[in-house]
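Novice: Respectively, the protein sequence lines represent chains H and B. Heads up: the first sequence begins at 1 in full-length UniProt numbering, then just goes up one per residue. Heads up: the second sequence begins at 1 in full-length UniProt numbering, then just goes up one per residue.
Treat each hint with caution, since some may be false.
Pairs of lysine to any residue residues, derived as SDA-like cross-links and limited to a Cα-Cα distance of at most 20 Å, are as follows [claimed, not checked]:
1. H/K89 with B/N334
2. B/K390 with B/N317
3. B/K46 with B/F18
4. H/K38 with B/K406
5. B/K300 with B/E264
6. B/K387 with H/P79
7. H/K8 with B/K46
8. B/K406 with B/D144
9. B/K331 with H/P79
10. B/K233 with B/A203
11. B/K86 with H/I74
12. B/K382 with H/P79
If you are wondering where the hints come from, they were derived from the structure by calculation, not from laboratory data. Here the structure is a predicted model, which means the values were calculated and not measured.
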Amino acid sequence: MKVENIAKLARIGLLKEETEKLEKELSSILDYFNVLKKANSKKDPTFHPSEKFIGNVFREDIPSGESPERVENIISLFPDKEGRHIKVKAILNG
Amino acid sequence: MDSLTIKGIREGLKGRRFSAKELSDFYFKKIEKEDSELGCYLELAKETALNQADKIDNLISEGLDIPSLAGVPVAVKDNILVEGLKSTASSFMLKNYISPYDASCVKRIKEEGAVVLGKTNLDEFAMGSSTENSAFKTTKNPKDKSRVPGGSSGGSAAAVSAGLCCCALGSDTGGSIRQPASFCGVFGLKPTYGAVSRYGLIAFASSLDQIGPLAKNAEDAKILFNAIKGKDKKDSTSIEMEENGEIDFKKLKIGIPKEYFGSEAKKGIEREVVSAIESAIKKIEDMGGRVEEISLPNTKYALSVYYMVSTCEASCNLARYDGIKYGLSEKGENLSEVYFNTRAKGFGAEVKRRIMLGTFALSSGYYDAYYLKSQKVRTGIKEDFEKSFKKVDAIFTPVSPTVAFKIGEKTQDPLSMYLSDIFTISANLAGIPALSVPLKTKGLPVGLQILGNYFEESKLFQIAKLLE
Numbered sequence: 001m002k003v004e005n006i007a008k009l010a011r012i013g014l015l016k017e018e019t020e021k022l023e024k025e026l027s028s029i030l031d032y033f034n035v036l037k038k039a040n041s042k043k044d045p046t047f048h049p050s051e052k053f054i055g056n057v058f059r060e061d062i063p064s065g066e067s068p069e070r071v072e073n074i075i076s077l078f079p080d081k082e083g084r085h086i087k088v089k090a091i092l093n094g
Numbered sequence: 001m002d003s004l005t006i007k008g009i010r011e012g013l014k015g016r017r018f019s020a021k022e023l024s025d026f027y028f029k030k031i032e033k034e035d036s037e038l039g040c041y042l043e044l045a046k047e048t049a050l051n052q053a054d055k056i057d058n059l060i061s062e063g064l065d066i067p068s069l070a071g072v073p074v075a076v077k078d079n080i081l082v083e084g085l086k087s088t089a090s091s092f093m094l095k096n097y098i099s100p101y102d103a104s105c106v107k108r109i110k111e112e113g114a115v116v117l118g119k120t121n122l123d124e125f126a127m128g129s130s131t132e133n134s135a136f137k138t139t140k141n142p143k144d145k146s147r148v149p150g151g152s153s154g155g156s157a158a159a160v161s162a163g164l165c166c167c168a169l170g171s172d173t174g175g176s177i178r179q180p181a182s183f184c185g186v187f188g189l190k191p192t193y194g195a196v197s198r199y200g201l202i203a204f205a206s207s208l209d210q211i212g213p214l215a216k217n218a219e220d221a222k223i224l225f226n227a228i229k230g231k232d233k234k235d236s237t238s239i240e241m242e243e244n245g246e247i248d249f250k251k252l253k254i255g256i257p258k259e260y261f262g263s264e265a266k267k268g269i270e271r272e273v274v275s276a277i278e279s280a281i282k283k284i285e286d287m288g289g290r291v292e293e294i295s296l297p298n299t300k301y302a303l304s305v306y307y308m309v310s311t312c313e314a315s316c317n318l319a320r321y322d323g324i325k326y327g328l329s330e331k332g333e334n335l336s337e338v339y340f341n342t343r344a345k346g347f348g349a350e351v352k353r354r355i356m357l358g359t360f361a362l363s364s365g366y367y368d369a370y371y372l373k374s375q376k377v378r379t380g381i382k383e384d385f386e387k388s389f390k391k392v393d394a395i396f397t398p399v400s401p402t403v404a405f406k407i408g409e410k411t412q413d414p415l416s417m418y419l420s421d422i423f424t425i426s427a428n429l430a431g432i433p434a435l436s437v438p439l440k441t442k443g444l445p446v447g448l449q450i451l452g453n454y455f456e457e458s459k460l461f462q463i464a465k466l467l468e
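One chain only, chain H, in its complex shape:
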């Protein structure tokens, strides 16, 4: 496993020491996971333990009517904003 490549996929900046440490730790954890190779894998996967209790839950695509105060609470958490919009760096050529 190439730690640097994975860090790129995960969008995490790593220092050189961190990369070296993770290389060792992750390889010993993955060795432990080798036990899975011996397991029976003919069963259907369980993605969710409650699949048998509930199926899909649908609703109309309409705003739920949160209080204006809550909306303001959320807007006040934006790290950078212009008016009531989140300000983001250019995504093209970025």
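Dock chain B against the given chain H, drawing on the hints supplied.
Specialist: The following block gives chain B in isolation, referenced to the frame of chain H:
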């Protein structure tokens, strides 16, 4: 006052032996005096707590009926949102994040009259078994301050154990309510998947996470659980559960899985844990219950399956911390640098390790071998339990192979820390309920884990009462 149960508080308030305000004041004074050493709380909510207490006192002075948790001082794990308070999940990433709304479970306990005292410490994003992964502080075990309280709900468990709240809310992804309850000598329930709404819980692994109560006795845990359970339209996985009936104790059948507590398995468990669990089993037998050995053959895969599934789900859930919408935001030349810098600085070592592991297992070429394979093996783990519950009413195991370990003992070896979850993770993978019950010991606390069939929480509480 710090030993009062929910029932005791109710009687005290109704009998006007103390007011809700006096009770809250008492707890805040005790916290101020004792918590600097223990480190259970990250933030206190004095003003809103006293307002809530006033409301309860007004109801009482007007002679009106009071709701089920009236005046009960509750601590809330800091990954559960309480409007107006910070919810940091013990991460630098959310150091200044102020909850814009109440989690559904918090809304429900407030409606039942509970007084939220404050927010408690945890391992960062609930990833850990000792609270040592908190970005802010390590909580100490009230029973022995050189030891960890367990984790990740270590602050909540320690606060209940030390009498710094009456009861508390925690979250459990792989044992995060039960293991700290066991280490601190209190009760802790991981409800059936879907029993309690997770709306307002900072997500870690969505197919495993559940919110549940920590309390001083089985009855309090039950009252708090009843207040928070049920369908919530804001969490599509939540379910309205039916009350299940009384156990016929003459026909009670307990299963002991040989993979957890057979003669071979006992060799890997500390002696005081083995003897405490054996006494609990004997107590059930003495009361006429039947105990039989059962087998859960897929147990050997559980830890690997758990760390695969949970890290994969975590790597997706934590993708939202990108410095754009809320939380820490580091500067960068371009968008990509904002992401990398924010996540480099905001996440601690364990969180990075798990995101990396999950990202790897979900990456092209490895998905089938790791993630998909784990979910297939998970079906086998679930079926083991389904088969067992056709034969027995409940299953007994230890909560943890050890008593509370020393602070610093396992921080250098992530795998040895992961192994401390070995008995608790299967319940999350299968989605079944599990209760940690503190047993009498001469030394440090030991917890018995009682596992039950889907939505049979009330059976677990009834069995726990027998052992009290």
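Novice: Does each hint hold? Answer for all of them.
Specialist: Cross-check of the supplied hints:
1. For the hint linking H/K89 to B/N334, the alpha-carbon distance of about 6 Å falls within 20 Å, and the restraint holds.
2. Between the alpha carbons of B/K390 and B/N317 the distance comes to roughly 36 Å, so the proposed pair goes past 20 Å and is violated.
3. With a C-alpha separation of about 18 Å, the suggested pair B/K46 and B/F18 falls inside the 20 Å cut-off, and the hint holds.
4. For the suggested pair H/K38 and B/K406, the alpha carbons sit about 35 Å apart, so the restraint of at most 20 Å is broken.
5. Taking the CA atoms of B/K300 and B/E264, the gap is near 13 Å; set against the 20 Å cutoff, the hint holds.
6. Of the pairs offered as hints, the one joining B/K387 and H/P79 is violated, with about 51 Å between alpha carbons and a cut-off of 20 Å exceeded.
7. At most 20 Å may separate the alpha-carbon atoms for a hinted pair to count; H/K8 and B/K46 exceed this at roughly 44 Å.
8. For the hint linking B/K406 to B/D144, the alpha-carbon distance of about 9 Å falls within 20 Å, and the restraint holds.
9. Restraint check: the Cα-Cα separation between B/K331 and H/P79 comes to about 11 Å, which is no more than 20 Å; the hinted pair holds.
10. With a CA separation close to 17 Å, the supplied pair B/K233 and B/A203 stays within the 20 Å bound.
11. The straight-line distance between the Cα atoms of B/K86 and H/I74 is roughly 13 Å, inside the 20 Å bound, and the hint therefore holds.
12. Restraint check: the Cα-Cα separation between B/K382 and H/P79 comes to about 43 Å, which exceeds 20 Å; the hinted pair is violated.
In this structure, the earlier hints numbered 2, 4, 6, 7, 12 are contradicted, and the remaining ones agree with it.
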